[in-house]
Structure formats: C-alpha cells, structure tokens
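The opening residue of the sequence shown carries number 71 in my numbering; numbering runs sequentially from there.
Hint data in this document are derived by calculation from the structure and do not stem from the laboratory.
Ideal Cβ placement from N, Cα and C applies to all residues, glycine included.
Honestly, I wouldn't trust all of these hints.
What follows is a set of in silico ranges between Cβ atoms, one per label pair, in the way DEER data are often shown [claimed, not checked]:
no. : residue 1 : residue 2 : range
1   : Arg80     : Phe139    : 34 to 40 Å
2   : Trp186    : Asn76     : 36 to 42 Å
3   : Trp122    : Arg144    : 23 to 29 Å
4   : Val96     : Trp186    : 20 to 26 Å
5   : Thr74     : Phe164    : 39 to 45 Å
6   : Trp186    : Ala85     : 36 to 42 Å
7   : Thr74     : Ile176    : 38 to 44 Å
8   : Gly130    : Ile176    : 42 to 48 Å
9   : Pro117    : Lys145    : 28 to 34 Å
10  : Ala180    : Asn125    : 29 to 35 Å
11  : Pro117    : Phe139    : 33 to 39 Å
12  : Glu190    : Ser155    : 16 to 22 Å
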Amino acid sequence: MRWTMNLLWRLLAVAFVVIGLIGVVVPGLPTVVFLLIAAWCAGKGWPALEIWLLNHPRYGLPIRNWRQFGSVPRKAKVLATVMISCSALLLWFFSLHLYLNVAISIVLVAVMLWLWSRPELSLDR
C-alpha cells in the first residue's frame, strides 16, 4: 500500500511540475503556484524532487519563502490582481445567471483580499 501512495504522490508531483513548465511559456498560467503544489506532493513521496525544487535557481526562493513565511512578492500580487480582474470582467460578458456572476465575483474579490493580506518579502533573501 505504501508504494502505491508514493507512486500517487510522485505522479501528482510530476503532473504539477509539467503544468508549471507550461506556465513558463503560456501567458496567464501561473508557474510558481503549480511548483508550490508539486513541491508539497514531492515532499510526501519523492524527497529528491522536493529538494531539487527547493534549490532551483529561479523558483526555489519563492517556494522557500512561501513555506517559511507565507509570503508573496508584490510583483506576483500585482500580476495576479490584473489577471483576476481581467477574468472577472470577462465573466460579465458571458450570459451566465446573474447570481452566478455575483457569486464568482465575490469569490474572486475574496481571493484578491486574501492574497494582498499575505506578507511580502523581496526575492533576494
């Protein structure tokens, strides 16, 4: 049973790394978020991959800062706010039920408020 759980965690880690890599080239698809999830999954079943992600020259520091301090850099907050705002605006152009549009918009605003409540650390630590 343990080897099946390790396999599951490894598959999830690889899947999230792949999605993160796609996010490097696809505008609007976040990279670090998926690498955070990949590092968490790897920590459950593939410690070598977790260490590699934590020590990655570009993405390791944001992952470590999130784990240690729950911090999100201001640049990431601004970019996420712009993308969420664009998504919310596009949502209103679709013919969804008014209550659904309002509910989704409230969730998106709550996500932005939560995001901006996170501490900020510079990326040079």
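Would you say the C-beta atoms of Glu190 and Ser155 sit inside 16 to 22 Å of each other?
At roughly 19 Å between Cβ atoms, Ser155 and Glu190 fall inside 16 to 22 Å, so the hint holds.
- Query: Between Val96 and Trp186, does the C-beta distance stay in 20 to 26 Å?
  - Reply: Once the Cβ atoms are compared, 25 Å apart, the range 20 to 26 Å for Trp186 and Val96 holds.
Open item on the list: Given the hint of 33 to 39 Å, is the C-beta distance from Pro117 to Phe139 inside that range or not?
Closed with: Taking Cβ atoms as reference, Pro117 and Phe139 lie about 22 Å apart, which means the hint is violated.
Taking the beta carbons of Trp186 and Ala85, is their distance inside 36 to 42 Å? violated, 29 Å
Is the hinted range of 23 to 29 Å satisfied by the C-beta distance from Trp122 to Arg144? holds, 27 Å
Practice prompt. Mind checking the hinted window 34 to 40 Å against the Cβ distance between Arg80 and Phe139?
Written response: Check failed, 28 Å falls outside 34 to 40 Å.
**Report entry** Cβ separation of Ala180 and Asn125, checked against the hinted range 29 to 35 Å
**Finding:** holds, 34 Å
message = Given the hint of 36 to 42 Å, is the C-beta distance from Trp186 to Asn76 inside that range or not?
response = holds, 37 Å
* Asked: If you check the beta carbons of Pro117 and Lys145, does the distance land in 28 to 34 Å?
  -> holds, 30 Å
Regarding Thr74 and Phe164, is the given constraint of 39 to 45 Å on their beta-carbon distance met? Distance hint for Thr74, Phe164 holds at roughly 41 Å.
ask   = Between Gly130 and Ile176, does the beta-carbon spacing fit 42 to 48 Å?
value = Once the Cβ atoms are compared, 35 Å apart, the range 42 to 48 Å for Ile176 and Gly130 is violated.
| message | Against the range 38 to 44 Å, how does the distance between the Cβ atoms of Thr74 and Ile176 compare: consistent or not? | response | holds, 40 Å
Checked against the numbered hints above, the structure breaks hints 1, 6, 8, 11 and satisfies the rest.
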